[in-house]
Each structure stands twice: as structure tokens, then as C-alpha cells.
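Protein chains: 2
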Amino acid sequence: MAESKWNRNYLICPDPKNPELTRSVKGLSHEGLPEEIKVVEEIPLTIFLNSTEIVTVMTIGDYPEYLALGFLFNQGMLRSYHSVERVDYDQDLQTVVVRTTKTTNFEVKLQKKTRTSGCAVGTVFGDQMELIEGLQLPFLKVKTSWLYHLAKSINLTPSLYLEAGAIHGTVLCKEDQTLVYMEDVGRHNAVDKINGWMKSKDIQPEDKLIYTTGRLTSEMILKTALMGIPVLVSRSGFTAWGVEIARKVNLTLIGRMRGKRFICLAGEERLERNILPDEIGDEARKHRRKGAAD
Amino acid sequence: MAESKWNRNYLICPDPKNPELTRSVKGLSHEGLPEEIKVVEEIPLTIFLNSTEIVTVMTIGDYPEYLALGFLFNQGMLRSYHSVERVDYDQDLQTVVVRTTKTTNFEVKLQKKTRTSGCAVGTVFGDQMELIEGLQLPFLKVKTSWLYHLAKSINLTPSLYLEAGAIHGTVLCKEDQTLVYMEDVGRHNAVDKINGWMKSKDIQPEDKLIYTTGRLTSEMILKTALMGIPVLVSRSGFTAWGVEIARKVNLTLIGRMRGKRFICLAGEERLERNILPDEIGDEARKHRRKGAAD
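Chains as they are written, first to last, in numbering that gives the first Met the number 0: chain V, 0 to 293; chain P, 0 to 293.
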């Protein structure tokens, strides 16, 4: 099967041959013999909102503008794309500055906060929980045949993961089509990059779903919900609080998806079971992720 | 083989039957049938250094005091255990307050910082890199037979991972003995908890090694180096910058360790290859981590 079959529909897909994203390093094998392997790059990127330094994240370094934008929106620090004036990436300084037309509410709040207790890191979390207060994600019919097709297609798409391991993939999909496939050292970065792309292109979320290789933690579920995407699918497992948040906002949450198997822990009513799992069978050994991104 | 064989030597080991750490949740399987699975808890814990709110981390919730202490030391925010007066955990408020006898340098620096640019998150990273400037980890002979024994022993130790998946394990070891086995939703929390335990008990690092199930990213390698531990072993893969830091501080870095296989990318001179890999063989399928903590 030609590889091209699996990435012809992507608007953005991994670029495993990009020499800036991986590096060959030499070591010694278990037998004491020289061995050379490819490893992914990991670089610090500092995100500014206007003149305020927000955070330094570790990233593989592709799409820094999308990462910064998506992060700020997913943290509730930016609320409307229309206020974004410019996004400037400086490769030498490893910084991205997101500039808005006027000072954001977040900056005002931060100034107040830092006058009293010194730092705003701890408040971010509370802000995200406030943002989902009352949120109910829209209805969307999801055929299980789409999910099986997506899982297979994503597993077979050439990726940095297949090239060098130790990396997570997150894919924005519509029905059985893969649209944007982002990878990064942290699964939160990959979903932030998708969010940055969506906000830049004014892409509507309500008919989309996200497939991720990473675990379904509260962070991933909060981000997906804040993006307005009603379905999140993973080959990995769950945390209790992640499940709780998904049920609260009525997100369809599917995990442990391998071959024909999966378990749906929230939002089951969106699923249309239009295919018999036995038509899919168990996951072939060669398609198993070998845990390099554990 | 009795399970007890594998945890008799631990000073601290996982407590998979603790009802506060996992929860049963009900869902529907791929066949549309009711299915109940166990998932790990994930709760927010806010860490204060005296009156300064530092960060909110997501954790399974065991050993909050060790987590807070270990985090502050690993970030360079605390420098000497002798200045720690008290550590107070409040379960209702989900907070840990670490109190020192006098205001720390970090707090002074933070006050300066927040007057100018608002927040200190981005500075933390630069501080950690400064802390390893000139650091050279001590020599320690490491027999490959120890590594094989440790890997097997840790894989067979009853754990939250085996109970519910979606969690990382990090183990402090000495020679072929497992000492402290911490698990958490983030691998950085697990290593922070080990650091908190070591600092509290005044445990010396130079004859220890760390085994982790997680990836060898820059964060894990910085933490291990700052703890003064000269050897870090993982069943997962590497990032380029992690390898670079390990080589800079002369940390022995071993990854992709499964069955007889591994690759050593830094500090090879500490290894004494006292066993033929073929005596170990390939990893049995039943001992493979199934990626639930991807």
C-alpha cells in the first residue's frame, strides 16, 4: 500500500524528513556495539502576550505561532481572535510574541494578582474550570466506521513518531477525513497547535473530532472542550477527573481504542454503531505503537 | 511466583488497592455492552512557598508533601533542606505550604521580577539551566546485570499502572535493589516525589540510580542531574536536548530498555557489562507496558 494513500487528505501533516525536527545521535547498544538512532528535537519556546512573559514550553519547534496562539486561547488568556493584531516569532531568541489591539483582561487581572501574591500560574487552572462552567458541547452524529477508519489511517501516516519515537500525535478530523495532524513532545502542545491553526483560519469546531495518541487527562479534555470540539478519541487510557469533566460538558470520550476495541465513558449518545467490530478485528502487531512516547 | 518477592525490598512502593487512588467508572464497550474499568484519580494540588503561590500541579494525590518539597528543590526555588521549617498539607483546600525559616532568594527574585514583567514561569527554566552550569555527576560503577534485574523486578511489582493504566512510574534504586517506587499522572511528579523523600530523609544521591517508565526529555534529565543522581534508565525513548544535557553533566543515560535490549547515549564509561544480553532474551509479551501511559 502506497504511503501517499494515507496523507493525501491532510491540510497539514507530519514532515518526518524535515532535518530541523530530528537529529541522529550515536551510542552503544546492549551488546556494546556502536548504534546510531534518530531522536526528536526539543527546544524551549517562550510565549509573550504583548509585553507579559507567560510561559516557556518545550516543543519540537514547528508551527511556533500556532502553538503560542492555541496555548493562549486554551488557557483563556485570549478570548477573541479579532483582537489579535500580530504574531511574531523570533527564531534566534526562541520567542513568540502575540500582540493584541488593546491590553487583554488577562493582563489586567495578572497585574492585580502579582501585586498581591506574586505569580499567576496557579490561577490559570481555576480560570479554565470557570470557562467551562455551563458549557454543553453540541450534538454531532459519529459513526463508529469513521473512528476505525481514522485510527487506521493515522497509524499508517508517515510521522515523526514512526521516524524517531518519543513524541505524541493529535489529529483534527471531520467525519472519516483527517485534516490537521500535529506532533509534539507534549500532547498538550500538539492540541494547542491545532487550536492555533483553527483560530487563525476561523475553522468551526462543532462538526470536528480529535484523535490523540496520548492519555485522556483533565488537561486534554479541558482543552478539547474549550475549543468547542464535541468528540475526543484516544488509543490511551483515562484519568477519573478527565472522565468527570467530559460528562459535565457532554463531550464524547472514547479511549483504549486499539483494533476493534474501545471503551466510551461519556457522551455515548453521539455514537452510531454502523459497523460490526468483528469486521475490524484485533490490531495488527506491526501497527502497535511501541510505547516510545510513554 | 509470589508477588511479594518483588516488593519486599521497597521502602515505599505503590499501593494499588488504596481506594483513594483509583475509581471504577462505567461505560460501553466497542460492542455496546456495559463495561466497568478502573481509572486513576487526578486532582489539582496548589504548592505555596511561604505566602507565594507557586504552581498548581495535577497529581494522583499520594505524598503531597514529598511532591511539593521535591518540586521546589528541583526547580531551584529551595536550595537547602535545613532552611525548611514545616510542610503543611491541607486536604480540603488541596494545598501544600512549604515554610522556610526566612524568606528564600527565590521569593526575593520573584518580587523583583513580577514588578517588571508580571510572572515568573518563564524564568524557572533559565534558572534550572544555570543550576547545572559546571555540574559533573560523580563516578559510579553500574553493572548491566543490575539494570536487567531492576527492569524485571519493577515490571512485576504490583502497581497502579497494572491496576488502572494511564500512569507513570519512577523508581529510586541502589545497585540491584529497588528502594522507592513512586507513580503519578506526570512522570515529573513521580521524580519530584522521590526528590522530596530523599531531601526529607537526607539520602545521599551519588550511589543511586533512577529507573523510569517515561520518556527521557530535558525535564527528566535536568531533575535527575539536579538531584545529583548519576544514572537514569528508561524503557522509553529520548529527545535530542535531553541527550545533550546528559552529556554536558556526564549523566549515564540509557533508554529503550526492553528485555535484553537498550541503548546508552551518554556516560557509557560507568557501565560494567558483566552479563551477556542473550542470557536475558527478549521481553516477554505479557511484561510489555501496553502504552496506557503514552
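The set of hints was computed from the structure by calculation and includes no laboratory data.
It should be emphasised that the depicted structure is a prediction, and the values quoted were computed from it without experimental measurement.
Take these hints with a grain of salt, some might be off.
With the Cβ distance kept under 8 Å, some of the chain P side facing chain V (calculated, not the full set) [to be verified]: (1) His29; (2) Glu84; (3) Arg85; (4) Gly241.
For glycine and all other residues, C-beta sits at the position ideal for the given N, C-alpha and C.
Determine which of the earlier numbered hints do not hold for this structure and return their numbers in increasing order. 2, 3
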